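*Asks:* Sequence:
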Amino acid sequence: MADQIKFDSQQIFGLFNKSVSDLTSFLRPNKKIENDLRDLTLKLFELFKLNSGVPGIKDLVTEGFDEEQIWAQLEKHNHTFMKIIDKDVSNLSSLAKKLTKTVKIDIPQDDDFDILEPASSGEDEEEELKKLLGPREKFVGKMLSTFEQEQLQMDEKITKLEEENLKSKPWKLIGEVTADKRPANSLLEDHLQYDFIARPAPIIDEQVALKLEDLIKQRIKDGIWDDVERKIKPAEQPFEYKRRLILDQEKSKVGLAEVYEKDYLQRTQQDKVEEENETHKEIRKMMSAIFLQLDSLSSFHFTPKPPEPEVKIVNNLPAVSAEDTIPVAVSEANLLAPEEVLEKPKRPVKGATERDTTDRKHDRRLKKKKQKIIAARKNAKKISNVEKLSQSAKQKAKQAEKLERTQKQRQMKPSQLKT
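Numbering that gives the first Met the number 0 puts the sequence shown at residues 0 to 418.
Check the hints yourself; a few may be wrong.
[Said to hold, decoys possible] Keeping only pairs whose Cα atoms sit at most 25 Å apart, straight-line, the calculated DSS-like set for lysine-lysine is:
hint, residue 1, residue 2
1, Lys220, Lys232
2, Lys57, Lys75
3, Lys180, Lys168
4, Lys381, Lys368
5, Lys368, Lys380
6, Lys367, Lys387
7, Lys377, Lys345
[What the hints assert, rightly or not] Have a look at the derived ranges for each label pair, beta carbon to beta carbon:
hint, residue 1, residue 2, range
8, Leu211, Phe12, 54 to 64 Å
9, Lys232, Gln268, 37 to 47 Å
10, Glu281, Lys232, 23 to 33 Å
11, Val227, Ser297, 36 to 46 Å
12, Glu67, Gln292, 35 to 45 Å
13, Asn164, Phe12, 27 to 37 Å
14, Ser297, Arg218, 37 to 47 Å
15, Lys387, Asn276, 49 to 59 Å
16, Ser383, His279, 22 to 32 Å
17, Glu67, Phe12, 16 to 26 Å
18, Ala336, Val227, 18 to 28 Å
19, Ala336, Lys395, 20 to 30 Å
20, Ser251, Arg363, 51 to 61 Å
The set of hints was computed from the structure by calculation and includes no laboratory data.
If you're wondering where the values come from, they're calculated on a predicted model, not measured in any experiment.
Cβ atoms here follow ideal geometry from the backbone N, Cα and C, with glycine treated the same way.
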């Protein structure tokens, strides 16, 4: 019976390992593997029931059941099995307490004997063990985990490299070396001719290919899909950029005053608002309309969101003056500077006693220039007045002629008018 059970268990585990060996088959649903695993769970359950003899469910039903229903049956069966195990463990622990006995050790009462003094025979025993079993580090290394072994190897490598760095460098790595500074016939021992300056590419053999396959399979198992995507710079010609430019040939609907106003506001505002593309505005408007319709369709008690009032604060003042509560009539924040009120003279200002001949001549020239400008303005005014008077006289003469003609026409008889 035991041989039969052993054979059955070996056969079951062999079939299980065979179905699980190819992990790539789990990437897609496979009906054959699913049926094989169901049969294996059924066989394992029957084998466990024969060995344990635990009262539970009689048969495991897998046909027409999904995974959760099968695991629920197994969990119910295991629940009764765990209760029996807990009971057996508690019985064994109580028996172990009963079997324990207190043993008294008689300490010798010799005057020369000291409890705190270490025994000398222990050292001899340790030396004998070292001779028989070898150094203890070898055994410790075998019991370490893979990570600890890697760390030990890394530490050994670091110590080796540090020792090499501390040692004196060979004559090959010093630089230009003469024959006196290097040993005799040392050039014959070293290989000084190299076929390739750069590092050769690694040889892709079967071992490297298997290593890459294992790495790819492991990444597929872990679900890591974070490879760097290759980026290619698009080669675009200048005429392609010209095609994209859309020239607006329509007449502008905005007046020149509004254009200047927008320009002034953009320059004076602290928070410059970037102009949004018209197509983006249209897309956002359409999206909001579609989302509103979808919300109204998906809910029977849909309440639309109330429109938020747009509040725009334009503040052209610095933070210190903005915080003051002084009235606008009293505030000095918007006052002009002295240079803005009156233009600063180009020449330095001098008193009457400080001026020399060049300053007096300069003032005289400016005075004459102003007088000429004033005289030219007066002449222009006189000429314009004369022209206006002449035009008004001509108009009056024309009006007088018209009046005379109308009077003559009224005085004339109708027979004369016909002729």
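*Asks:* Against this structure, judge whether each hint is valid.
*Replies:* Here's how the hints hold up against the structure:
With a C-alpha separation of about 33 Å, the suggested pairing of Lys220 with Lys232 is violated against the 25 Å cut-off. Simply put, Lys57 and Lys75 have alpha-carbon atoms about 12 Å apart, close enough for the 25 Å limit, and the pair holds. Simply put, Lys180 and Lys168 have alpha-carbon atoms about 13 Å apart, close enough for the 25 Å limit, and the pair holds. Straight-line distance between C-alpha atoms of Lys381 and Lys368 comes to about 20 Å, which keeps the hinted pair within the 25 Å bound.
Restraint check for Lys368 and Lys380: satisfied, since their Cα atoms lie roughly 18 Å apart, inside the 25 Å limit. In summary, the hint linking Lys367 to Lys387 is not supported, as the alpha carbons are separated by about 30 Å, beyond the 25 Å threshold. Only pairs whose Cα atoms come within 25 Å are accepted, and Lys377 paired with Lys345 is rejected, the gap being roughly 29 Å. Between Leu211 and Phe12, the C-beta spacing of about 30 Å breaks the proposed range 54 to 64 Å.
At about 38 Å, the beta-carbon gap between Lys232 and Gln268 stays in the expected band of 37 to 47 Å. The hinted window of 23 to 33 Å between Glu281 and Lys232 holds, with their beta carbons roughly 32 Å apart. Look at Val227 against Ser297: about 40 Å separates their beta carbons, and that is inside 36 to 46 Å. In this structure, Glu67 and Gln292 meet the distance hint of 35 to 45 Å, their C-beta atoms being roughly 40 Å apart.
A beta carbon spacing of about 53 Å between Asn164 and Phe12 contradicts the range 27 to 37 Å that was offered as a hint. Between Ser297 and Arg218 the C-beta distance comes to about 40 Å, which sits within the given range of 37 to 47 Å. For Lys387 paired with Asn276, a C-beta distance near 58 Å keeps the hint of 49 to 59 Å intact. At about 58 Å, the CB distance of Ser383 to His279 disagrees with the hint of 22 to 32 Å.
Judged by the Cβ atoms, the range 16 to 26 Å given for Glu67 and Phe12 holds: they are separated by roughly 25 Å. Between Ala336 and Val227 the beta carbon distance is about 59 Å. The supplied range of 18 to 28 Å is therefore violated. At roughly 55 Å, the beta-carbon separation of Ala336 and Lys395 lies outside the given 20 to 30 Å, and the hint is violated. Remark: the range hint 51 to 61 Å for Ser251 to Arg363 is upheld by a beta-carbon distance near 54 Å.
Checked against the numbered hints given earlier, this structure breaks hints 1, 6, 7, 8, 13, 16, 18, 19; the rest are met.
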